Structures are given as structure tokens and as C-alpha cells.
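Protein chains in written order, with the working numbering: chain A, 18 to 264; chain B, 81 to 357.
Keep in mind that the hints are not guaranteed to be accurate.
[Unchecked claim] Some chain B residues flagged as far from chain A (calculated, every beta-carbon gap over 10 Å):
no.	residue
1	VAL84
2	ALA88
3	PRO174
4	ARG335
5	VAL345
[Claimed, not checked] Each computed EDC-like pair below joins lysine to aspartate or glutamate, with the alpha-carbon atoms no more than 16 Å apart:
no.	chain 1	residue 1	chain 2	residue 2
6	A	LYS110	A	ASP123
7	A	LYS74	B	ASP161
8	A	LYS110	A	ASP145
9	A	LYS74	B	ASP106
[Unchecked claim] Computed, partial: chain B to chain A, Cβ under 8 Å:
no.	residue
10	ARG87
11	GLY104
12	LEU107
13	GLN156
14	GLN157
15	ASP164
16	THR173
17	GLY176
18	HIS311
19	ALA315
20	SER343
No lab work stands behind these hints: they were computed from the structure. Computed from a prediction, not measured in an experiment: that's the story for all the values here. C-beta atoms are modelled at their ideal positions from N, C-alpha and C, and glycine is treated no differently.
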Amino acid sequence: MLGPNGAGKSTTIEVLEGFRGRSAGRVSVLGVDPALAGSAWRGRVGVVLQSWRDHGKWRVRELLAYLASCYASPWDVDSLVAAVGLEAQAGQKIRTLSGGQRRRLDVAIGVVGRPELLFLDEPTVGFDPEARREFHELVRGLEGTTVLLTTHDLHEAEALADRIVVLDRGRVIADGTAAELARVIVGEDEVRWTVGGERHVEATADSTRFAFDLFRRFGDEVSELEVRRASLEDTYLALVRQAEEVA
Amino acid sequence: MNGVALRAGWRRGVVELRQSFTNGADLWGHFFWPLLMVGVTFYLRDKDFGGFRLGALVLPSVLGMNASMAMVSMSQQLTADREDGTLLRAKATPHGVPAYLLGKIISVSGGLVAELAIFLVPAAVLVPGLAIGAGSWPTLVWVLGLGLAAALPLGAVLGSVFTSSRSQGLLTLPILGLIGISGIFYPVTALPEWVQGLAQVFPVYWTGLGTRSALLPDGAVVVEIGESWRHLETAGVLAAWAVVGLLVAPVVLRRMARRESGSSVAERRERAMRRVG
């Protein structure tokens, strides 16, 4: 779920998590209304919280083992600790972990119950590029779990998502794969060329076809051909600017 | 509460209790007040009050007061856990909230029992004038047990009402006032009658009376209201507080837990950061 700050991402995800009541409409997550869901539903979804200092006195393995005991078929705690790369810190108190380690623990907590669906709300805010890449590897490695992730970072969405939903002021304005979005919301490529000493510019949805036609018509008279592909990034940035102007 | 929640809650309580006895700050908390109170009762051991030794009167009262003060630790921990996201974590886990509460009850009562022992054992040796016999223990157990049952739900309600650790500070003054009028450090019969009436509304006075009845010689009853240990009234008042607490606490706690979300925790985090920064 991609969108600029203030687009309503956190509100939406909190409604889906069952942590916040909806003001109107219907919500269904795994076939259940989260506002009315009980422990059985809770056991099927995982939530990665932006942690602060909770459970600081607990040790990493101790907390995961405790949480695992609340689920019907949890991960084996030791293999989970290994999967998130915290073996060396397993016996360490949580408050002594570094920011990156703490974040990996948050992910481990989110998946300890082998959820069918995992919620991640702005998981990489404040990360350096190295930590971000590590985190992306970790999320890609989650098999058998559907991940719903919110971000305002287009590259993160492109790197991780099979499907992107763009949210703007509480409304879905685009929905599809990264390639589909580029086609649907991005609009047209820009083609520049020179024929007989004269510069031309034209916007077109299918720049490859356009260039081919150009050569068919003018042959080798065409020079200085430039095709500027419309990028998802341009469109997204325009969208963010628009949202910020309104705000 | 089902089997999973009971087992998880028990596990949580044991872990928290162990943690509180293996780190410096908590250990200090467990030992400081009880040992300070040992010092106070020792200092008062020879002070005379109507033919009785004040130290001996104060010792059991402090024991009873401590049981009521479990209310304060419960309330503080609940507020702190809400502030730092522990409770939200519990909410995100199946059976997490009941397990969290059970764990909290176990760790707070366990810590309290330890503190009572840390106080009682040296104080009973150092302060003369007690009458500890075979009959003392059953009385002590039911009074402290009932006192705890009255205090913990009340603490949970207070913890739900106060939304930040700082606002918890508002509790300190009324609590100290309550201790002052409840006949803990000075017999209640030495106070004006309207104060006595007020004191008898709250559990602190009754747990103190109950523990005095367990540990003092029978003759000490003459410094009490009506010259009676009033076991029936003690049980009645404490049980009433417990019942009211147990009826109100789940409602208030559910309401509090319902309002927890990532953004409410983030908001508090920001507020707390501003305070520090």
C-alpha cells in the first residue's frame, strides 16, 4: 500500500488489523470482520509493530518462546531466531539490541505464529540503505505468508510487492503490478527527433511503435532520436507533491 | 479464560517475577522499602502508646498496608506497559490480553509476598511485643489474601484511567493521605472520629486491622475502634471492594485495550520523547 504521508495508510492498516474501528463501510480480512474477530482469527494474522522499548527486560528467545505458546502451530523458536539472524543475541536482553536487530526481532514476533497474513506498517522508516536491503531480504524470504506492507517509498514497493495499491487522501487511486501501474497511471512517453533540421516533440502511449513508424516514413532522415520513458517515479512524485499542496 | 491463556499467563508471570529479582533497579525496589520499614519499626520499638509499644503496633499495620499498596504497583505497571507498547503487543497476540493480565497478577502478588517476607522476618526478630502463635498464620493468610484481592482489581482500574506515567504521580498524594488516616503509623483511635469514619471506607485500614489481629497479643484490641478485631466486618469490607473491583476492572480494561493501536502508542512515544528531550 503506497502513498504519501497523510494518505491514510496507517489508518487503513489499523482498521484491517482490528486495532481501530471503521467509521463506515464493510471490512473483511480472511473472511472475518476484524472488529468482531476473536482469538482464532488473531492467530491467523501477524502484526509487525514499530516497537519502542516494550519487553526491554525480556531476553530475545524468552519472549519469542512466550509468544509462541499463545499460538496453535507456531514456528520452532530456535529456527526462527536463526532465520532472522539473531542467534548471537538469543540470550540477550531486548533493550540491549541495536535498532536493526530490534527490527528483525519485531519481524520474528510478527511471524512467530506462522500467520497467513502479515501486516507491516512503514517498516523501514529511519533505516540506512544497508539495513533497508537486509530488511527487504528478510521480507522476501517469508514463504507461505501474504504480506501487506505500507510505505511512502516507491522503490520499496517496487522491490517487494507483487501488487501495489496507491492511496491518496483515503482513496485507492491505482491498483496493479508495478508494470501495470506504469501503464495505467503514468500516461505517455515523450519522443523527440529531428527531420530536415527541424526538432519535433510528441507524447505517445506506445513509443516503440511510434519510433518504428517514424523510421518507416522518413527512413534515415531521422536523427537525434530520444525516447523518454514515463517512469512510475515521476508520476508518483507528482502525486506526492499534489497531496502536499492540498495539505 | 481458556487453557492456552492460563498456561501463557502463568509462564509470563513467572518470567516477570524472575526478572524483577535479577536486575538491580527492581531488586532495590523489593528491598529498599521493606528494610526502611524495618528501620522505622525498630526505631519505634520502645515508644509508649497507652501502655503498648508503638513499634509492635506499627509492624503488623505496615504488613497490611503493603498488601493494599499492591494496588499502586499494579496501576503503575499497567500505565507503563500501555505507554511502551507492551499492551498493544499483547493485543496483537491471540489470548494475549488475558495472559498479560494473569501474568501481571502473578508477578505483582509474587513480588509482594517476597517484600512482606523481607520486612516481616527481620522486623519480627528485632521488634519486641508481638504475639506470633499457631493461630497467627491462618489469619494473616486470609487477611493478606483478601486485601490483595481487593487491591489488584482496583489498581487495574486506576492503571486504565491514568494514561501516562507522569499522571500516575497524581496518585501519590491521595495514597499518602490515605495511609496517614488509616491507622498505620499511629492508632486510628487517636484521630478525630470523622477521620476514623472516612478511613473505614477504604481497604488500607481493614488490612492493617486484620494483620494486627493476627500478630498482636489479644490485649492490644483495646486501642482499636470498639475494642474489637471485627473480623466479620474486615472480611465484609475487603470482599466488597474485591467484588466491585472484579466487576468494574474487566469493563474498564476492555475499553482501554480496545483503544490501543500503533498510532496511539506512537503518539505517546512522541509525547514522552519531547518530555525527555
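Comparing the hints with the structure gives:
1. VAL84: 6 Å, violated
2. ALA88: 5 Å, violated
3. PRO174: 4 Å, violated
4. ARG335: For ARG335(B), whose nearest Cβ neighbour in chain A is about 12 Å away, the distance exceeds 10 Å, so it holds.
5. VAL345: 7 Å, violated
6. LYS110(A) / ASP123(A): Holds: LYS110(A) and ASP123(A) sit about 14 Å apart, inside 16 Å.
7. LYS74(A) / ASP161(B): Given pair LYS74(A), ASP161(B) holds - Cα atoms ~12 Å apart, limit 16 Å.
8. LYS110(A) / ASP145(A): Not satisfied, since the Cα-Cα distance of roughly 24 Å exceeds 16 Å.
9. LYS74(A) / ASP106(B): With Cα atoms ~11 Å apart, LYS74(A) and ASP106(B) stay inside 16 Å; holds.
10. ARG87: 6 Å, holds
11. GLY104: 11 Å, violated
12. LEU107: Hint on LEU107(B): violated, closest Cβ of chain A at ~12 Å, above 8 Å.
13. GLN156: 15 Å, violated
14. GLN157: Constraint on GLN157(B) not satisfied, violated at 12 Å.
15. ASP164: 5 Å, holds
16. THR173: Holds: closest Cβ of chain A sits about 5 Å from THR173(B), inside 8 Å.
17. GLY176: 6 Å, holds
18. HIS311: Given a least distance of 40 Å, the restraint on HIS311(B) is violated.
19. ALA315: 36 Å, violated
20. SER343: 6 Å, holds
Comparing the model with each numbered hint stated earlier shows that hints 1, 2, 3, 5, 8, 11, 12, 13, 14, 18 and 19 do not hold.
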